[in-house]
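Participant: These protein sequence lines map, in sequence, to chains A and B. Heads up, the first sequence is in my numbering, so the first residue is 96 and it goes up one at a time. Heads up, the second sequence is in my numbering, so the first residue is 96 and it goes up one at a time.
Chain B side only, calculated, beta carbon under 8 angstroms to chain A, not exhaustive: (1) P129; (2) R131; (3) L132; (4) H133; (5) M136; (6) H183; (7) E207; (8) L211; (9) F222; (10) L225; (11) V239; (12) G243; (13) L262.
Far from chain A, some chain B residues (derived; all Cβ distances over 10 angstroms): (14) E101; (15) L107; (16) I356.
Sample of chain A residues lacking proximity to chain B, with all beta carbon distances greater than 12 angstroms (derived): (17) T102; (18) G116; (19) D193; (20) S352; (21) G355.
If you are wondering where the hints come from, they were derived from the structure by calculation, not from laboratory data. The model shown is predicted, which means the values in this text are computed figures rather than measured ones. C-beta atoms are modelled at their ideal positions from N, C-alpha and C, and glycine is treated no differently.
What follows is the residue order along each chain.
2 protein chains.
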Amino acid sequence: MSAALETFGAQLEAWRARMEGALERRLPRADEVPERLHAAMRYSVLGGGKRVRPILLLATARTLGLSEEQVEAAACALELVHVYSLVHDDMPAMDDDDLRRGRPTCHKAYDEATALLVGDALQSLAFGLLARDPALPADPAARVRLVGLLADAIGSLGMAGGQAIDLESEGAKLGIEEVERMHSLKTGALIRASVMMGAACRSGLEEAAERALAGFAGPIGLAFQIQDDLLDVLGDTATLGKAAGADRAHEKSTHPSILGIPASQERVRRLHQQALESLAPFGRDADVLRAVTEWLLARQN
Amino acid sequence: MSAALETFGAQLEAWRARMEGALERRLPRADEVPERLHAAMRYSVLGGGKRVRPILLLATARTLGLSEEQVEAAACALELVHVYSLVHDDMPAMDDDDLRRGRPTCHKAYDEATALLVGDALQSLAFGLLARDPALPADPAARVRLVGLLADAIGSLGMAGGQAIDLESEGAKLGIEEVERMHSLKTGALIRASVMMGAACRSGLEEAAERALAGFAGPIGLAFQIQDDLLDVLGDTATLGKAAGADRAHEKSTHPSILGIPASQERVRRLHQQALESLAPFGRDADVLRAVTEWLLARQN
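With these hints in hand, go ahead and build the complete structure from the sequences.
Facilitator: Now the structure itself:
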């Protein structure tokens, strides 16, 4: 077991190293005009991050027998979109955070106007990769599916919508159903997309397999957010690489603040179980996804 | 001639009415959660605007024998992206404008966080339409071309890059080549995309026709921006629907500020001529594009 965990730790590091290179090659060079914008894009994307969404996509791809080369560009698109949302979320008009991944946030290291444009340009770059990146499967229908999944996951009925609900509800007492709906959009949608975009890279995937993956992705998306909120309560700033206790400072309604810590941990365990059950049809092929899930829901940062 | 102009005026109004309906149907309803975000998206997109980019696309489509129904969703995507850029550009971190199309800007009518999310969500919605809208030609290869053209036009090597250069150069004295490069990205790229996305909707378009349209789109993009800068100098706030003289107030380098007004007007006339020459191969089929060009480069607001 300990050997398996060690192997999995090495796998995570290998995936992160792959993503660092893959992102680096796809970002505009820092000496290309406009240099300051490109430097800020690279600063925000490279050199850190857990790469949760790319790793979920890479693991889904392996479960379905796809190579990492075939899906690498889609994994980059996910991470670029995730980073864009962090850069905008950190701005003074939103969460007003100074620290991210242990470094000054983009608008602190550069300026607000640049941070605004960094987020905007990262979003465009993500869609551009899905349309044009030569490493993706050439099948245009697969590319169209990828664009559609990503657009749905991050628009006003996805991630951006979840952030809007989050902002509107600061200081308000939300019920647990409202919190779950908000989380389902704010972080859940992109986590689900990470799995479903992996599936979309595989042309001719049977409907039953797609349904099984959807059944896996839903609970994971929610459980991941609850775990994040638990870490915000239980963690410390040094381990998190961002300010701990931020939710309480912003009076945000979260699972821990409504249900308490033990009930929230129990909810994560149940969602984890539910996710694993959905993977049953894949047999041993999904072992890598099981390991990723274990890692996601037991993480300390 | 006056009858033709009257007819063309009616055509512009018909196109605008079509776009208003087409955008209205594609925006999330204002009573859909998150209501405030959706209301702000609708506020920003509907009820105004010249709809220059959609009209260029619709005219290109007619030149190529495509129906308005077939390209309407692509025209919506262009306008959504244009509006996203205005909403972000108006924010305090960028141009800090209070007035747009004669009404309070989005962050004034709502708030900064909402304006940030409005822009983000409009960009996602635009790409979502290109991937999913049932009105577009079903050919996935055409959709992929559309996504690629739009992404290239608005990213850090397109519109967002042009805005970054514009910001960096405030207060600096630019040469005319630098100004033209900045404009070629900031507004030119999306104007060019308006024409080329019309072409991308037509499957099997001959390469010569595509080249001719590219030869038309380039000069139009630049001439449109110079005309905009001339109007900023010559116009008044009531006619423009936004603050006149804003460029001088921001000490921006523009064609009029570098070359003077008569030489800038001459540059517009030459680019106009160059654009018209590129349309020659289309014969009378391109009359509608010629009329649109005339309208764009002779406009007073």
